Amino acid sequence: MQKDLSEWGRYSDPGLLILSSLANGPKHGYAMMEDIFTFSGTRLEPGTLYGALSRLEQRGWIEALPNEARRRPYGITPDGRQALRGHLQTMQRIVTVALDRLANA
Amino acid sequence: MKWILRLYPCPWRERYEEEMLALLEQHRITWRTSTDLLWGAWDAQLSSAFGRKPMNASSSRRSRPVTLAGGALIGIMFVLGLMFYGVLSYPSSVSGVGRTSLLLSMAGLLVYAAAVVWSGRHSGPTLQTALAQGAKFGAILGCGALVNMALEHFTALGTTGGMVRGVGMWALMFVSFGAAGSAAFQRSGSLNRATRRVQLCRCPRKRRSAQG
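Protein chains in written order, with the working numbering: chain A, 554 to 658; chain B, 20 to 231.
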């Protein structure tokens, strides 16, 4: 089982986007797709979305909540918040260094 | 679009199909959606073969005899496909080195079939499933190779036409034999019935709703 999002190959970015979307509250699949498109401009397709959801759920970073009609909301777990925070801090370091180097180039 | 979801493994469908269908009803379907779902089905089948199961999904309902018989049958198809490929490509090769290759291919078939049968008696479900899934994906390649080579021998197209036809045939074979392979493995009844009437995995609604 991969310990870090960066080891998830093609599901790494969708995993990050999903965790970011769930950080402010539970959402079902379609609401996640719309939210992700709004804040990132990335349009996730259903196959990719559910491939990543399955991995996140298996890892214990998200959990399925009781069904609303045929739609099932998902919420982020404390482990998921910790994983997201760690990944974002790494990204922040990269962004800071890259911007600094661009400015000094 | 619902038919593509039938290419996903049964445990996956029991867990996610209803909510994916609800999502697809709201989603604008494009060719990207279809491609993405096909890729997702492939990924889910591979994940299922190598032990990653959807959360809260029940274990696969494939019976062991069906899985083993399917593995052996499709393993045979795979090796036969490769043998025909060789014979059609190089008819003169069925002598000398070619004959040795042919015999080695047949020996490979026997070893594979023996491995499938052995795993059914002595190994855990992971190896059984891996062998069976390996045979399934191998069958896709072997049958695709067979059809493509037959077309190459019986048609004479230019370079561009040949390339387009080759790529198209491979794509078609991947999809159609993938679906047939899934049907053979996921059918809960006997393999004979499954191969006679190629039907795709049907998960009882009762079980799916029980997941909710």
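By construction, these hints were calculated from the structure, which means they are not laboratory data. Check the hints yourself; a few may be wrong.
[What the hints assert, rightly or not] Simulated restraints on C-beta separations:
no.: 1; chain 1: B; residue 1: TRP22; chain 2: A; residue 2: GLU587; range: 33 to 39 Å
no.: 2; chain 1: B; residue 1: TRP22; chain 2: A; residue 2: ARG624; range: 33 to 39 Å
no.: 3; chain 1: B; residue 1: TRP22; chain 2: A; residue 2: ARG623; range: 16 to 22 Å
no.: 4; chain 1: A; residue 1: ARG624; chain 2: B; residue 2: TRP61; range: 22 to 28 Å
no.: 5; chain 1: A; residue 1: ILE647; chain 2: B; residue 2: VAL130; range: 38 to 44 Å
no.: 6; chain 1: A; residue 1: PRO619; chain 2: B; residue 2: GLN45; range: 16 to 22 Å
no.: 7; chain 1: B; residue 1: VAL130; chain 2: A; residue 2: LEU655; range: 22 to 28 Å
no.: 8; chain 1: B; residue 1: TRP50; chain 2: A; residue 2: GLN642; range: 35 to 41 Å
no.: 9; chain 1: B; residue 1: THR54; chain 2: A; residue 2: ARG646; range: 23 to 29 Å
no.: 10; chain 1: A; residue 1: PHE592; chain 2: B; residue 2: ARG47; range: 32 to 38 Å
no.: 11; chain 1: B; residue 1: THR49; chain 2: A; residue 2: GLY628; range: 25 to 31 Å
Being a predicted model, the structure only gives us computed values, none of them experimental. Even for Gly, the Cβ is constructed at its ideal location relative to N, Cα and C.
Between A:ILE647 and B:VAL130, does the beta-carbon spacing fit 38 to 44 Å?
At 49 Å between Cβs, range violated.
Lying within 25 to 31 Å: is that true of the beta-carbon distance B:THR49 to A:GLY628?
29 Å, holds
Range hint 35 to 41 Å (beta carbons of B:TRP50 and A:GLN642) holds or violated
Check passed, 38 Å falls within 35 to 41 Å.
Confirm or reject the claim that A:PRO619 and B:GLN45 have a C-beta distance inside 16 to 22 Å.
20 Å, holds
Given a hint of 16 to 22 Å, does the C-beta separation of B:TRP22 and A:ARG623 actually sit inside it?
At roughly 19 Å between Cβ atoms, A:ARG623 and B:TRP22 fall inside 16 to 22 Å, so the hint holds.
Can you tell me whether the CB distance of A:PHE592 to B:ARG47 sits inside 32 to 38 Å?
Hint violated: Cβ distance 20 Å, outside 32 to 38 Å.
Is it true that B:THR54 and A:ARG646 lie within 23 to 29 Å of each other by Cβ?
Taking Cβ atoms as reference, B:THR54 and A:ARG646 lie about 35 Å apart, which means the hint is violated.
Assuming the hint says 33 to 39 Å, is it satisfied by the Cβ distance from B:TRP22 to A:GLU587 or not?
26 Å, violated
Starting from the hint 33 to 39 Å, judge whether the C-beta atoms of B:TRP22 and A:ARG624 obey it.
With Cβ atoms ~22 Å apart, the hint is violated.
Quick check on a hinted range of 22 to 28 Å for A:ARG624 and B:TRP61, using CB atoms only.
25 Å, holds
Holds or violated: 22 to 28 Å for the Cβ distance of B:VAL130 and A:LEU655?
The hinted range 22 to 28 Å is violated for B:VAL130 and A:LEU655, with Cβ atoms some 58 Å apart.
Checked against the numbered hints above, the structure breaks hints 1, 2, 5, 7, 9, 10 and satisfies the rest.
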